[in-house]
Amino acid sequence: MAATLAQKIIARAAGREHIDPGAIVTCRVDLAMMHDSGGPRRVKPILDRLGVGVWDPARVVVVTDHYVPAVDAESARILALTRDWVADNAIAAFHDMQGICHVVVPEHGHLKPGMLVVGGDSHSPTGGAFGAYMFGVGATEMAGVLATGEIWLKVPETIRLEWTGTLGPGVSAKDMVLALCARLGMGGADYQAVEYAGDGVAALPMAERMTLSNMAAELGAQTGLIAPDDTTARAIRDAGAEPGDMTDLRGDDDAAYNQVHTLDAGALAPQVAAPHSPANAAAVGEHAGTAIDQAYLGACTGAKLDDLRMAAQVLKGRTVAPDTRLLVAPASTRTTAAAAADGTLAVLTAAGAHIMPSGCGACAGYGAGVLADGEVCIASTARNFRGRMGATGSRVYLASPFTVAAAAATGRITDPRDLLSEAAA
Amino acid sequence: MSEHGLTVGRAWVFGDDIDTDVLAPGLYMKSPLEELASHCLETVDPQFAANVRAGDVIFAGNNFGMGSSREQAAEALKHLGVTAVVARSFAGIFYRNAINLGLPAVTCAQTDLIHNGDQIVIDLDNGEIHNRTTGATLACEAIPVHLAALIRDGGLVAHLEKRFARQRAEGSAS
Chain A
-17 MAATLAQKII ARAAGREHID PGAIVTCRVD LAMMHDSGGP RRVKPILDRL GVGVWDPARV
43 VVVTDHYVPA VDAESARILA LTRDWVADNA IAAFHDMQGI CHVVVPEHGH LKPGMLVVGG
103 DSHSPTGGAF GAYMFGVGAT EMAGVLATGE IWLKVPETIR LEWTGTLGPG VSAKDMVLAL
163 CARLGMGGAD YQAVEYAGDG VAALPMAERM TLSNMAAELG AQTGLIAPDD TTARAIRDAG
223 AEPGDMTDLR GDDDAAYNQV HTLDAGALAP QVAAPHSPAN AAAVGEHAGT AIDQAYLGAC
283 TGAKLDDLRM AAQVLKGRTV APDTRLLVAP ASTRTTAAAA ADGTLAVLTA AGAHIMPSGC
343 GACAGYGAGV LADGEVCIAS TARNFRGRMG ATGSRVYLAS PFTVAAAAAT GRITDPRDLL
403 SEAAA
Chain B
742 MSEHGLTVGR AWVFGDDIDT DVLAPGLYMK SPLEELASHC LETVDPQFAA NVRAGDVIFA
802 GNNFGMGSSR EQAAEALKHL GVTAVVARSF AGIFYRNAIN LGLPAVTCAQ TDLIHNGDQI
862 VIDLDNGEIH NRTTGATLAC EAIPVHLAAL IRDGGLVAHL EKRFARQRAE GSAS
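Heads up: the protein sequence lines correspond to chains A and B, in order. Here my numbering is used: position 321 in the first sequence is 303, and no number is missing along the way. Here my numbering is used: position 77 in the second sequence is 818, and no number is missing along the way.
Be aware that a few hints might be false.
[What the hints assert, rightly or not] Okay, derived cross-link-like pairs now, DSBU-like style, lysine-lysine, Cα gap no bigger than 30 angstroms in a straight line:
no. : chain 1 : residue 1 : chain 2 : residue 2
1   : B       : Lys903    : A       : Lys298
2   : B       : Lys771    : B       : Lys819
3   : A       : Lys136    : A       : Lys(-10)
4   : A       : Lys298    : A       : Lys136
5   : A       : Lys26     : B       : Lys903
6   : B       : Lys819    : A       : Lys298
7   : B       : Lys903    : B       : Lys819
8   : A       : Lys(-10)  : B       : Lys771
9   : B       : Lys819    : A       : Lys26
Because the hints were derived from the structure by calculation, they are not lab data. Nothing here was measured: the structure is a model prediction, and the numbers come from that model.
Sequences are here, hints too, so could you generate the full structure?
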């Protein structure tokens, strides 16, 4: 029977041959990922109350990324508790202060196509880029998974987002997904699965695919899948793991899709989402000239090595504009090392960037770099909700690393293609 | 407050896309629940946390609870005494979190029949919401059967406690 990729992965996890959308099923969990904010500090009291331990410590990954590095006694306490819990429960896969979970977990080869993975963070759909059905849950739900190894799911419909063409210079996956936010609206995917497909997606490197899948969360999808291919297999091998059997891990051509949207990557302009919603995305020209106080390159969505390279392309030979600050929080310590090795970091620091710790940072208002009332920021992050990045009266525009870098250089929202073509001329 | 098995409270009405950063602001996420809850919804209504009373009901538009997986978004509302959230639609993770914490999340297409401060009588067993101020009764979607059991038990943890107790009893009986 024809099935979407989501149906196939969930059917396997539920021990069924085939399942139809709408069915409520109990799935075996292949991997559970949590971080310092929603992880041990929240699940420990629940497991203690239940009087049970972790069902399978080999299927649990813990990452510290929200309260790193500790800035006060309370964040230090949360990190210490996390470390103690990991030791007490014999969790071998613990990545302490190595970067943001959504980047660190695949960097270490934990994700494989066909897995059913729960993550204690809403941007867990990032794992969908590896062909894993990965989705976000809250801490109580996570405690339930840790106690039982199981989770219930309502089998989703699938919305197919088909991209034709290839991106032009200065345009990236972030622009693709911001355009989708504008088209479908926040929550437009209604907790169904989205599947990104087409030549425009197949052409993307792994890091860019992760950006697409990551922001399936903003579309309101449960996950954002991309059928695994050679690019996926190579990324997993580069991470020191084996992708396993990927045969049949794609949606059948005659599967029933809830909606199909076809978009042209070749015609896409850089996008900017105005405060206070990713769905306020429009072509950069709509906001060109808007003055900014801070440019922020950070978060799981926008500070991977490929993202920093995009920014460096724009900033090479340029400096950050007066009265403007550029904060760069590389997504992982491996990202920082690679960006140092290939010269990317030197371009950014020569431009005047502040290099910040690897972690969730200012994106959700947890770390350094938050905003004052009246301040305007352009960020490569995923969300610009009112007050998320600091004071209630601050304003955040979302854009690609290219566009964030262009704004840093000029002090105003600027089409990055103008600066890239100047550099090329 | 409760009267004849029904919950009675006042309505607090919000719009679409109420996000988790507004419900549980990141700046206070490492603080104790009492402090975090005191900032719940302050971005859209600075008086909410101070004035909400036990038994009150939240009414909202589409996509309530969008954004983060932080369950403190639902926990803060529960801590403040909110008895249920009624919305045209919910963000998926928030919906699961609310149910897991024993906070009823009710999907209802007729939330526009409610105004701030209306007296609300809510009958969760029968899926009925009555606006005592206007006399209107709202048709709501029933909470799915597999989740109603969770709410009846008081949330996922209590539900699992029962399950493990049963397993232990069966284990010691055999």
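Consistency of the hints with the structure:
| no. | hint | in the structure |
| --- | --- | --- |
| 1 | B:Lys903 to A:Lys298 | violated (62 angstroms) |
| 2 | B:Lys771 to B:Lys819 | holds (18 angstroms) |
| 3 | A:Lys136 to A:Lys(-10) | holds (14 angstroms) |
| 4 | A:Lys298 to A:Lys136 | violated (49 angstroms) |
| 5 | A:Lys26 to B:Lys903 | holds (19 angstroms) |
| 6 | B:Lys819 to A:Lys298 | violated (51 angstroms) |
| 7 | B:Lys903 to B:Lys819 | holds (22 angstroms) |
| 8 | A:Lys(-10) to B:Lys771 | violated (39 angstroms) |
| 9 | B:Lys819 to A:Lys26 | holds (21 angstroms) |
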